[in-house]
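**Q** If you want the building blocks of each chain, they are given just below.
There are 2 protein chains.
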Amino acid sequence: MSAHAASPGTTKLSLDVAAVGNAIVDVLSQATDRLLDELGVVKGAMTLIGAPEAEALYTRMGAATECSGGSAANTMVGVALLGGRAGFIGKVRDDQLGGIFRHDIHAVGVEFETPAATDGLATARCLVLVTADAQRTMQTFLGAAAELNPDDVDPDMIRRAGVTYLEGYLFDPPPAKKAFEKAAALAHSAGKRVALTLSDPFCVDRHRNDFQKLIVDHVDILFANESEITSLYKVNDFDSALQLVRRQCEIAVLTRSERGAVVVAGDELHVIEAEPVARVVDTTGAGDLFAAGFLFGFTRGLDLATAGRIGAICAAEIISHFGARPAVSLAGLVETKIGIKVC
Amino acid sequence: MSAHAASPGTTKLSLDVAAVGNAIVDVLSQATDRLLDELGVVKGAMTLIGAPEAEALYTRMGAATECSGGSAANTMVGVALLGGRAGFIGKVRDDQLGGIFRHDIHAVGVEFETPAATDGLATARCLVLVTADAQRTMQTFLGAAAELNPDDVDPDMIRRAGVTYLEGYLFDPPPAKKAFEKAAALAHSAGKRVALTLSDPFCVDRHRNDFQKLIVDHVDILFANESEITSLYKVNDFDSALQLVRRQCEIAVLTRSERGAVVVAGDELHVIEAEPVARVVDTTGAGDLFAAGFLFGFTRGLDLATAGRIGAICAAEIISHFGARPAVSLAGLVETKIGIKVC
Numbered sequence: 001m002s003a004h005a006a007s008p009g010t011t012k013l014s015l016d017v018a019a020v021g022n023a024i025v026d027v028l029s030q031a032t033d034r035l036l037d038e039l040g041v042v043k044g045a046m047t048l049i050g051a052p053e054a055e056a057l058y059t060r061m062g063a064a065t066e067c068s069g070g071s072a073a074n075t076m077v078g079v080a081l082l083g084g085r086a087g088f089i090g091k092v093r094d095d096q097l098g099g100i101f102r103h104d105i106h107a108v109g110v111e112f113e114t115p116a117a118t119d120g121l122a123t124a125r126c127l128v129l130v131t132a133d134a135q136r137t138m139q140t141f142l143g144a145a146a147e148l149n150p151d152d153v154d155p156d157m158i159r160r161a162g163v164t165y166l167e168g169y170l171f172d173p174p175p176a177k178k179a180f181e182k183a184a185a186l187a188h189s190a191g192k193r194v195a196l197t198l199s200d201p202f203c204v205d206r207h208r209n210d211f212q213k214l215i216v217d218h219v220d221i222l223f224a225n226e227s228e229i230t231s232l233y234k235v236n237d238f239d240s241a242l243q244l245v246r247r248q249c250e251i252a253v254l255t256r257s258e259r260g261a262v263v264v265a266g267d268e269l270h271v272i273e274a275e276p277v278a279r280v281v282d283t284t285g286a287g288d289l290f291a292a293g294f295l296f297g298f299t300r301g302l303d304l305a306t307a308g309r310i311g312a313i314c315a316a317e318i319i320s321h322f323g324a325r326p327a328v329s330l331a332g333l334v335e336t337k338i339g340i341k342v343c
Numbered sequence: 001m002s003a004h005a006a007s008p009g010t011t012k013l014s015l016d017v018a019a020v021g022n023a024i025v026d027v028l029s030q031a032t033d034r035l036l037d038e039l040g041v042v043k044g045a046m047t048l049i050g051a052p053e054a055e056a057l058y059t060r061m062g063a064a065t066e067c068s069g070g071s072a073a074n075t076m077v078g079v080a081l082l083g084g085r086a087g088f089i090g091k092v093r094d095d096q097l098g099g100i101f102r103h104d105i106h107a108v109g110v111e112f113e114t115p116a117a118t119d120g121l122a123t124a125r126c127l128v129l130v131t132a133d134a135q136r137t138m139q140t141f142l143g144a145a146a147e148l149n150p151d152d153v154d155p156d157m158i159r160r161a162g163v164t165y166l167e168g169y170l171f172d173p174p175p176a177k178k179a180f181e182k183a184a185a186l187a188h189s190a191g192k193r194v195a196l197t198l199s200d201p202f203c204v205d206r207h208r209n210d211f212q213k214l215i216v217d218h219v220d221i222l223f224a225n226e227s228e229i230t231s232l233y234k235v236n237d238f239d240s241a242l243q244l245v246r247r248q249c250e251i252a253v254l255t256r257s258e259r260g261a262v263v264v265a266g267d268e269l270h271v272i273e274a275e276p277v278a279r280v281v282d283t284t285g286a287g288d289l290f291a292a293g294f295l296f297g298f299t300r301g302l303d304l305a306t307a308g309r310i311g312a313i314c315a316a317e318i319i320s321h322f323g324a325r326p327a328v329s330l331a332g333l334v335e336t337k338i339g340i341k342v343c
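For the protein sequence lines, the chains are A and B, in the order given. Sequential numbering from 1 applies to the first sequence in my numbering. Sequential numbering from 1 applies to the second sequence in my numbering.
Extracted from the complex, chain A is given alone in its bound form (with noise of 0.2 angstroms):
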């Protein structure tokens, strides 16, 4: 739990998974389904909001815990949890949140270097009411890590990166649309590979286009969970999109909760089982975790079945207790489950 990025000045290693996303701090607490009608909030999704939202929704919420979080963040946190090499691209400010942010994400040694915003909005938070079915409603306060750009975007940590992992939630603000796109060809020109997760449904029916044009042109391994990949082509059931990713990508790691996984390249499938979890207690953070197994055997060159079996562990693993970070030693549990030493 106490190593640490590498500080400047000492020479940088190669890392497995660079990420670009929203740096984000979770505030969570339980809420009745009451609380949820009161507040006019769709039980389950995800939500943006502004300043004033996000305050007078705090103060309408009990009492809360803090962690840290953010999609892309807690994928990375996986990775270096595998004992894999990560780097994470995003923006905070230079407050207190920002701070735990930072603090928690280098804990883990995750690299992360992108220099706090000093003025503007503060750092990100999720305000995330818990209820008793162990439903996650989320409101999101994007403030810093929505002004992200292109500048951003450290071209060295790209280059040293096998994969550069973006997330799709960022696809709101333009300017870090254009970070992506930086980044995505930085990757591509130092011969490195470009994933991308949606994120979200909503997220995709904002920008179905722009997604789809970004995966044909740029992506080479997609994320997607069966909501998010039958929005993307606006069709009714798994089969006919997976028909049409497995033309547009060279690689798609498709989830479908309980029901396991699809990887898709070509004409290579496999069909991945789920993890068996004792009790599901939590749900997020599944997706995330399941990207960090997967990249994680992917870049130590392992095959797509076996990567697509570390991901199911992950992703067993966080949904067996709260929150979206593992709270064990991953590359452990990885090894006695599938009998090799990843790392």
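No lab work stands behind these hints, which were simulated from the structure alone. Source: prediction; values computed, not measured. Yeah, the Cβ is synthetic: ideal placement off N, Cα and C, and Gly gets one too. Incorrect hints may appear among the rest.
To be verified - Residues on chain A that point at chain B, a partial pick, calculated with CB under 8 angstroms:
1) A56
2) Y58
3) H103
4) E273
With chain A held as given, fit chain B onto it using these hints.
**A** Okay, now just chain B, sitting in the frame of chain A:
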């Protein structure tokens, strides 16, 4: 979870209890025994640290979660969750952690209007290292909390409260000690009671004579655990301390972990059994919540044995899960266990 303190301008209700204590945000992280050794910290103890030490320790700590804490603040949250009316006086800075503390204590309906400091040290934080044996090692940076001074003691809040509850930890900074004396004098001149919790055997050791003087001069109800009360009187056994304390204050509530508690008031003496717990997960907050239950029962006019029983029920709830603030409505729990509707 969404009740709120009365807004300024509305007629203010009487309070069951008002506390003067440290306004602290807890920062929890898992740690190994080896890390504790490397840091040179005493396992299981609470140590006060300065800003540079807090910064250095935080850098060494693993990924963390943040939640509001503070001993007397936890007690006031317990009183509110029992259905009582509670107020809190303590100092935060006008920073994000200060906002988190204010939000969380307001969210459960505790009155808290002490203005935040606009300069000086940051909001207090307690860096908690949790080892695999569920022990907690606490390093506290008092920051703004230690700058509480007599001007922060709102005379109106003290006069409206049946009991004013003082947190022993505040005996370290001299201006806070003066705030104690002001609060005690205000309470007594309004015909109300003064309670004190000794907080920590090391704190008692640092201020033994001052604590003894405060107890004789000002304290009606004393809360202490076994190591604190034996430290206060520099005796080796519980019974010796018991005989001494019954001559020095009107009511003493002496908690003894799994051996229950003893409540003594002159010739009246009650031995309170510990409430059975299926599994002790985390003992942090047991004393804080025992005090909450006792104070709630006492201020509702219940007899000392029943007030003690409510304390034991609340303590059992808090040790059966992680965290020092209760997860459930304590009022319902007490109603079920004792068979009386308490609010």
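**Q** Now, for every hint given, state plainly whether the structure supports it.
**A** Hint check:
Evaluation of the A/A56 hint against chain B yields a violated restraint, the C-beta minimum of about 12 angstroms exceeding 8 angstroms. With a least beta-carbon distance of about 6 angstroms to chain B, the hint placing A/Y58 at the interface is held under the 8 angstroms criterion. Restraint check, A/H103 versus chain B: the minimum CB separation of about 6 angstroms is within 8 angstroms; hint holds. Contact between A/E273 and chain B, as hinted, is not supported at the beta carbon level, the nearest pair being about 30 angstroms apart and thus beyond 8 angstroms.
Violated hints, in rising order: 1, 4; the structure is consistent with all others.
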